[in-house]
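*Asks:* Residue-level listing of the chains:
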Amino acid sequence: MLRQASRLLSRSVAAGSSKSATARGFSTEVPSTIDSTFVESWKKVAPNMDPPQTPSSFMKPRPSTASSIPTKLTVNFVLPYASELSGKEVDMVIIPATTGQMGVLPGHVPTIAELKPGIMSVHEGTDVNKYFVSSGFAFLHANSVADIIAVEAVPLENIDPSQVQKGLAEFTQKLAAASTDLEKAEAQIGVEVHSAMNAALTG
Amino acid sequence: MASSAAVPFWRAAGMTYITYSNICANLVRNCLKEPFKAEALSREKVHFSISKWADGKPEKPILRSDTPGV
Numbered sequence: 275m276l277r278q279a280s281r282l283l284s285r286s287v288a289a290g291s292s293k294s295a296t297a298r299g300f301s302t303e304v305p306s307t308i309d310s311t312f313v314e315s316w317k318k319v320a321p322n323m324d325p326p327q328t329p330s331s332f333m334k335p336r337p338s339t340a341s342s343i344p345t346k347l348t349v350n351f352v353l354p355y356a357s358e359l360s361g362k363e364v365d366m367v368i369i370p371a372t373t374g375q376m377g378v379l380p381g382h383v384p385t386i387a388e389l390k391p392g393i394m395s396v397h398e399g400t401d402v403n404k405y406f407v408s409s410g411f412a413f414l415h416a417n418s419v420a421d422i423i424a425v426e427a428v429p430l431e432n433i434d435p436s437q438v439q440k441g442l443a444e445f446t447q448k449l450a451a452a453s454t455d456l457e458k459a460e461a462q463i464g465v466e467v468h469s470a471m472n473a474a475l476t477g
Numbered sequence: 026m027a028s029s030a031a032v033p034f035w036r037a038a039g040m041t042y043i044t045y046s047n048i049c050a051n052l053v054r055n056c057l058k059e060p061f062k063a064e065a066l067s068r069e070k071v072h073f074s075i076s077k078w079a080d081g082k083p084e085k086p087i088l089r090s091d092t093p094g095v
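Line by line, the protein sequences give chains V and Y.
Using our numbering, the final residue of the first sequence is 477, and nothing's skipped along the way.
Using our numbering, the final residue of the second sequence is 95, and nothing's skipped along the way.
Nothing false has been slipped in among the hints.
Stretch-level coverage of chain V by chain Y, calculated; a stretch enters the list once three of its residues show a Cβ under 8 angstroms from a Cβ in chain Y:
no., stretch
1, 396-410
2, 416-430
3, 434-448
4, 455-467
I should point out that these hints are in silico values taken from the structure, not numbers from a laboratory.
As the structure is a computational prediction, the values presented were derived from the model and not from experiment.
Beta carbons are placed, not taken as given, at the ideal position from N, Cα and C, and that holds for glycine.
The whole structure should be built from the sequences, with the hints applied where relevant.
*Replies:* This is the structure in structure tokens:
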């Protein structure tokens, strides 16, 4: 079976390369080429109806990467129920990625970062806005646009320190008493989130 | 083949990312100061009814609601 593997691989590569002339590029290229053979055969079958639109005709082409690094980072910070920041031009954001606090400047390498519970700060000149983010993702694009999505993000002033302490104590105790894997995981999550909130309030 | 990536502890315990993320969000919401906490909890209330179907007909629906008495 594996003897055929190289033949199968080379066959699929050859087929791919022969189609490369008509292969679709990334969406950085403007998707304006309409397949004319399809449109002609459609018109033969249904001359009174417009040919169907494809999703790519509704898409705006992805903005091209500027050749020089832009001076500002454009941030879109969205929550499921509200758009916190939309197209805001800032100098830097620091996001709580699972790999640690990540500072994002204009011209950052395109990255997808998973966020852990922690503080996200948006720096604009001398203003710093801090939010506590429960979890989410940050998509950093090549054109210095940062899309940050979180399930829950609150300004630090809205967090009640006494409830954080209570929750931390409760979950630490639950972690010690947990028996099943799932209970342990839930208690561990509780401990992590509350410690992060604690650190955010005191740090 | 052994798994190469280190899985997060919640995935190892059988939890999905969405469950993990929702638990984190709920914990944060529970630690908010008062008017924000009431707003956040009311925003997240759900109210829906589920019916299982058998033989092409819906059976008695189950009502799940966070607003009591509905």
